[in-house]
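The primary structure of each chain is shown beneath.
Protein chains: 6
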Amino acid sequence: MNILCVAAHPDDIEILCAGTLIRYVNEGHQVTMAVFTSGNMGDAVIDPEKLGRIREEESRAAAALIGAKLIWGNVMDEHVFPDREQRRLMIDILREADPDIIFTHSPSDYHPDHRYVGQLVFDAYFQKGLPHIPDQRLPACRFGHAQVYFMDNLGGIGFQPTEYVDISAVFETKKKMLACHKSQFEAMQQLASTDLFEMIEVQARFRGMAAGCRYAEGFTRLDAFQRGLTKRVLP
Amino acid sequence: MNILCVAAHPDDIEILCAGTLIRYVNEGHQVTMAVFTSGNMGDAVIDPEKLGRIREEESRAAAALIGAKLIWGNVMDEHVFPDREQRRLMIDILREADPDIIFTHSPSDYHPDHRYVGQLVFDAYFQKGLPHIPDQRLPACRFGHAQVYFMDNLGGIGFQPTEYVDISAVFETKKKMLACHKSQFEAMQQLASTDLFEMIEVQARFRGMAAGCRYAEGFTRLDAFQRGLTKRVLP
Amino acid sequence: MNILCVAAHPDDIEILCAGTLIRYVNEGHQVTMAVFTSGNMGDAVIDPEKLGRIREEESRAAAALIGAKLIWGNVMDEHVFPDREQRRLMIDILREADPDIIFTHSPSDYHPDHRYVGQLVFDAYFQKGLPHIPDQRLPACRFGHAQVYFMDNLGGIGFQPTEYVDISAVFETKKKMLACHKSQFEAMQQLASTDLFEMIEVQARFRGMAAGCRYAEGFTRLDAFQRGLTKRVLP
Amino acid sequence: MNILCVAAHPDDIEILCAGTLIRYVNEGHQVTMAVFTSGNMGDAVIDPEKLGRIREEESRAAAALIGAKLIWGNVMDEHVFPDREQRRLMIDILREADPDIIFTHSPSDYHPDHRYVGQLVFDAYFQKGLPHIPDQRLPACRFGHAQVYFMDNLGGIGFQPTEYVDISAVFETKKKMLACHKSQFEAMQQLASTDLFEMIEVQARFRGMAAGCRYAEGFTRLDAFQRGLTKRVLP
Amino acid sequence: MNILCVAAHPDDIEILCAGTLIRYVNEGHQVTMAVFTSGNMGDAVIDPEKLGRIREEESRAAAALIGAKLIWGNVMDEHVFPDREQRRLMIDILREADPDIIFTHSPSDYHPDHRYVGQLVFDAYFQKGLPHIPDQRLPACRFGHAQVYFMDNLGGIGFQPTEYVDISAVFETKKKMLACHKSQFEAMQQLASTDLFEMIEVQARFRGMAAGCRYAEGFTRLDAFQRGLTKRVLP
Amino acid sequence: MNILCVAAHPDDIEILCAGTLIRYVNEGHQVTMAVFTSGNMGDAVIDPEKLGRIREEESRAAAALIGAKLIWGNVMDEHVFPDREQRRLMIDILREADPDIIFTHSPSDYHPDHRYVGQLVFDAYFQKGLPHIPDQRLPACRFGHAQVYFMDNLGGIGFQPTEYVDISAVFETKKKMLACHKSQFEAMQQLASTDLFEMIEVQARFRGMAAGCRYAEGFTRLDAFQRGLTKRVLP
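Chains as they are written, first to last, in UniProt numbering: chain A, 1 to 235; chain B, 1 to 235; chain C, 1 to 235; chain D, 1 to 235; chain E, 1 to 235; chain F, 1 to 235.
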């Protein structure tokens, strides 16, 4: 399968979805990590242009670690809007990955970039498969078909997972991916008093405690007409 | 009364609301069908410009069948946005119909065009009656007053009707209206494996089963301040 | 139509539903007021047995004012339980009234007696029409058919009406019905610092403000399979 | 795996879950059908005692058709209560089946027997695995472990499936199982104007339309601590 | 503390939040009232440009009454959009006030300007504290930290307060603030049959009745990651 | 103030609320811990009668550690029911503590004993202050007045805190209280693969991460009419 994760900022994928992506890689699937913005506002001192380049390098290193493909959206950080221009960009991202499964931010998360990336994925879903959409860089990929899952919210606020993925066996690799984002450790500590490694440890342990395993990532599924919902015998 | 139904694509009204509109016509009310986009992306082969013209003809035929007025919004299919330009268009659509009752898409439906048309109706509600809104084509109509109902979602996903309209006696006419949209039968079958006639049969039967009649269409009411909510003795 | 309102305590009907009942009376329908408990705990001083008799008299006076029939359940105040014994009593109340429309407490109201009366109505709905239920006082009435509406919560806490009934023209009569419950004015003031007349004034004005009239009572409909839901053309 | 479906009345399993059970049988799992009441009130004329015997025979025939085990709870129809006595019975039913997966009624369904059976399953879940619960007929089975799924509501009212099972290939067998319940065809037609075969056809088609297959049954999962929730890679 | 209230139109703050603001003033905090639009469409006859100037004067008078600072956004009435331009304006409003507490409209209120102002506050929250956001008039203020509360909806429709503020002692001052908005008394009466003074009286009494005091204003808290949520011992 | 926490089993208070209780003790308030059942089913081997005595000793030790009063309900473990008998017991527990603030289990928690204890508190609230309730051991305490808060669910499943209490400074004492429940460490490990100390560490860290402190306990408030809701200036 083609697995696509679309997140707003460099390191969001590592924080919320990397364990699950590693499991797909281990099972032989093709994984694409799409980072919509350059994360170039994420430091109080470093110049945005310079920071954007640093963070792209960090994201490429994290993706390389597991052999995932990286799509770099390069939208200006803190400037995601569900408008025509960014819809077009999102359609091309979906077309490039031609996904069977899409992970993205929940529309109830805390950061506007997160929320609007999730909305753009929902909105671009149909157009990825329609051949006559004007002004797109890439031709249409498969129509419909893909299933969409929303990643957990930061701190779990306003999010109740309905799906859990056991990432106990790959949690160390998830931490290594996060460790590629060196530019953020000090910035997040100073700006938001947040220790990123402790944050993913606590959240993955809490979701694991709910599911009944050591570490887990939590998700919900976007259910809508013609989204190719699962129909397997349970569970 | 003036009854207005605003939908995103040609054939949406026929699928989700036609039975109810026929009942209004039969009771002597004035019915207006407003189609916001031209539906010109709805085929994998036919050229959008040509398809737009075909679908306008099909919509006009369906409206003519029951003596309803048609407003053709002509926005490009798959390109509905709740922005300034489309807000203006929606205000003029509401002004042209000067409705007592408005039907439109639910904000939780599967297609972005559906969701944003519903949002635009909610957003344009007040401006339809304010005389000083600049750059409108038409003068203000009555202020407030109209009641807004959301139509069912496709497949019923994420929608729980609170109002049901018995359309058993007019279901054959609803099918005839849908039959005007010839361009879509093959396209929907190829693109989305969907038989439109079976789709309306199953959905109307399921909603009828819930309500206790043969065929029904389901709705919810948009409740908000100064929306002229009903105050009748129940039921 | 046969209209039935089942409430937990004497004066609950007057507070939450009397305006609507008066409108039914005025339109020629048969109205039954069922009070499930005797309200005999509703005073810090007066002996329960004596208070129960006083409150029955007060309820009979209020019902007589509008020509409604009164059913006196006589369950001990503060002791409503959704158990076998009270289920049986509720089935007989429903059978005695053979209602087309039932009003009762919402399952989210503040008082356990309110919540369990609402639950008992929901639970007894089917058995009212089944002839073989053992140990009932009365034979089965019509099966299914009746529509159930939940009355507003006190203070509106946890309740969002979806139906409003305009009671502006009958609000004075509603106050007269409440005025029959003399035993409660001082008790509610002392026990709960509540002025009952001000309470119904404020709640009916607030719901009226939402609906767009002077005074209104608010309701929601209990939707469930085979509840004979309305299927009229809207609104 | 041991699969258990606990329903309130004979024919409930056939209507809401049989397609899914057949798929388990076809995959080699052990399926147990538990009917909590005897359904002995389900006819306006036939004597309850006699009807109870007829319905047990019908249920046994339906279970035999697919080689499932039948547990006959024999509680009086219309008399399910979440009390001590029926809790004990439910604990023994769960112990007898020692299930890996449990299907039961949703707590929001229309019939009190349905709702209370679902509540009893939720309530008895822990006690099935605790050895010291007094007055049980059977010794404790495995602690925790089982996953619980709620079946669809009748008419879909108040129920939004999050899981769909494709039953297209086994729908004919589901109909044959329903056909064993001969006593109900005329009774449901007379009492509730319901054609049972049309009812399952419409509901399975509607859920299938949502999921993207011909026939489906819809479910939600009961998520709670120590319920052994799934942790697989999605979907 | 720095207290900021951001509302869509002149008089919204007075209607929904003034009592609470007065209490802050009385306790010695710095209060800023930000009015996002000029309210210049709020009359069927008066020219918008002229009306905008009148309403600014009225707002300044109301703010002066309690010694609050006024920020005049001057966006065209009925034209609030969550786009890039208005995001920038909102960021500067937040930076100017550098708030510890922010009050704004709920995203479920009836008027699009209300809903989008609430959304803009949610969206601009992070950018207020990030130094590199381009094209801002003001430098970054403190990062994060502020708590956000949503004000009640008009008529309470779709809003359930979880926080109540007792404004009994300052209700007269609230009325005086509203009295500054002379231009609206007749306009609201003619356009929407609304008596503004009666409206605030009824809503504050209803919320007070729920909370257990004479007059109250109701709020909910916006909970999201890194919003500096309260952690005090309750209540 | 009088602070009361009512939980189902010995150790529930320590797991979900002890940090908050310690803070009240430190501020000079009177704290009462009420344990509704004896927890006597909580071991696969030890005889229930013996285990009940052990667990009472453990609970008394934990309460003594912070100088809290202990009420021992002594209901049989796994046998909580919201019936007449246990309602009477709960009324007396409330009367004995005469609380200003009550903490109890959320009605959505995983264990039936938890859910029914929460329901019993909600249901017994009014009767605690009514003098004529028959068959009570204790006379009525103050009417109404107390505020009720629901404790977090285990694993956070189905619970979104709206109130957080910072327990960082008292977390070590919370652990010491939990350490009194020696009988449970091995039992929970064997029966449910749960390490209790790790469980409270992870849950308190996760809630702290959401709130913005090291360790927190999360709560929601039960809002209902005449519950004496807070009316303070925010936050």
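In short, the hints are calculated from the structure, not lab data.
It should be emphasised that the depicted structure is a prediction, and the values quoted were computed from it without experimental measurement.
Keep in mind that the hints are not guaranteed to be accurate.
Heads up, simulated DSS-like pairs for lysine-lysine below, C-alpha to C-alpha not over 27 Å straight-line [claimed, not checked]: (1) Lys231/D x Lys231/A; (2) Lys50/D x Lys231/D; (3) Lys175/A x Lys231/D; (4) Lys69/A x Lys231/D; (5) Lys231/C x Lys231/B; (6) Lys231/A x Lys175/D.
Hint check:
{"no.": "1", "hint": "Lys231/D x Lys231/A", "result": "holds (17 Å)"}
{"no.": "2", "hint": "Lys50/D x Lys231/D", "result": "violated (48 Å)"}
{"no.": "3", "hint": "Lys175/A x Lys231/D", "result": "holds (20 Å)"}
{"no.": "4", "hint": "Lys69/A x Lys231/D", "result": "holds (25 Å)"}
{"no.": "5", "hint": "Lys231/C x Lys231/B", "result": "holds (17 Å)"}
{"no.": "6", "hint": "Lys231/A x Lys175/D", "result": "holds (20 Å)"}
The structure fails hint 2 only (numbered hints given earlier).
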